[in-house]
Amino acid sequence: MPGKRCLARERAQHDVASRLAETYALVHRHFPDRDRVLIGPKAILEYLASLGLRRPNGGPVTWRMVLRWHRSLSFPLLTGGWLARSGSRVSPVSTELFVTAWMLSQFNGAQKRAIFAVVNPQGLLPVGKRPTDPDMRKRARAGQREMAA
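Mapping of the sequence shown onto our numbering: residues 12 to 160, in sequence order.
These are calculated hints, taken from the structure and not from any lab test. Warning: the hint list may mix true and false statements.
Stated by the list, open to error - What follows is a list of derived Cβ distance ranges for each label pair:
1. W93 x K149: 52 to 58 Å
2. P67 x G154: 21 to 27 Å
3. R40 x A95: 39 to 45 Å
Backbone N, C-alpha and C define an ideal beta-carbon position, used for all residues, glycine too.
Take these sequences, add in the hints, and give me the full structure.
Right under this line is the structure:
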């Protein structure tokens, strides 16, 4: 059937490296003045939080997760370390546009092992939870109607 989608085929054809390059070029073309350097774990984690990225369980992203993303998912990070000769520490570095492009180039956030969750910008619903309070459901529906209008 020509219009039928196959998740396994789509996942196999998803080339993260080329998609990251395309997404970065697109984002850089539209927002060249927004490319700022992020120096240190605190700055990188704060920027991820400002994008609304959370752990799959709703908690904040940790530095260990960022290092795992760097190892296994090509997260754009120049890792820091300790220089033994001079006795100084080198901070990890990344850029805002590269991090944004990396997030947008992922196949999806809900893989077998979820990479990250995204916070609802209005904050009406708890992250990853279905609303149980009837009033909260009404507010969520009203917020969705406003966004659609």
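Going back to the hint list, which numbers does this structure go against? Nothing - there is no hint that the structure violates, so all of them hold.
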